[in-house]
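Build the full structure now, drawing on both the sequences and the hints.
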Amino acid sequence: MERDVLQNSAYRGTKSFTQHDVKTANANGFAAAADDYMERGIDLNEQLILNKPATFFFRMNGDAMMEDGIFSGDVLIVDRSIKPSSGKLIVAILDGELLVRRMQRNAAYVELLCANKRMRSIQVHNFDSRSHVWGVVTCVIHVLECSLFSPQPPPPRHRVERGCPI
Numbered sequence: 004m005e006r007d008v009l010q011n012s013a014y015r016g017t018k019s020f021t022q023h024d025v026k027t028a029n030a031n032g033f034a035a036a037a038d039d040y041m042e043r044g045i046d047l048n049e050q051l052i053l054n055k056p057a058t059f060f061f062r063m064n065g066d067a068m069m070e071d072g073i074f075s076g077d078v079l080i081v082d083r084s085i086k087p088s089s090g091k092l093i094v095a096i097l098d099g100e101l102l103v104r105r106m107q108r109n110a111a112y113v114e115l116l117c118a119n120k121r122m123r124s125i126q127v128h129n130f131d132s133r134s135h136v137w138g139v140v141t142c143v144i145h146v147l148e149c150s151l152f153s154p155q156p157p158p159p160r161h162r163v164e165r166g167c168p169i
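Positions 4 to 169 (this note's numbering) are the ones given, in order, by the sequence shown.
Derived SDA-like pairs: lysine to any residue, alpha-carbon spacing no greater than 25 Å straight-line: (1) 91 <-> 110; (2) 120 <-> 74; (3) 55 <-> 145.
Label pairs and their calculated CB-CB ranges: (4) 135 <-> 43: 37 to 43 Å; (5) 47 <-> 112: 36 to 42 Å; (6) 111 <-> 149: 42 to 48 Å; (7) 96 <-> 149: 29 to 35 Å; (8) 111 <-> 148: 44 to 50 Å.
Calculated directly from the structure, the hints in this document are not laboratory data. Every residue gets a Cβ at the ideal spot worked out from N, C-alpha and C, and that includes glycine.
The following block contains the structure:
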């Protein structure tokens, strides 16, 4: 009878990382005083992603959620394994278009609320193949430093005051 051998993935995260795993070079035989206070690096995958296979990144395109602090060009972390419920920020597919809205479930319909006074909410009476919830937004990454996008920032558009015009 053969036994199946399961292999673990090479990446194990940084939760098991300790101070003793930090290699030091001490030519004179004494450790540096700062080594006692050294901290491990921050792994954003570990901190921000709950379910790696079901998580996707999107770049926001539009100003429908600007009053909630989500602007065009921000990066959204979307988890498809989280159950959508009332009050959660979701990515919905409506007639083939991806929308970011706050979901509000009522008795007869689902309302997709936007956080922009110039836009109206959308009422969906039934989610089907043409309209459904694609995932739940778990994090928003709001970039302030324009040089992260390119060596020369793009020409300014309508949202210059938020930091980086995208």
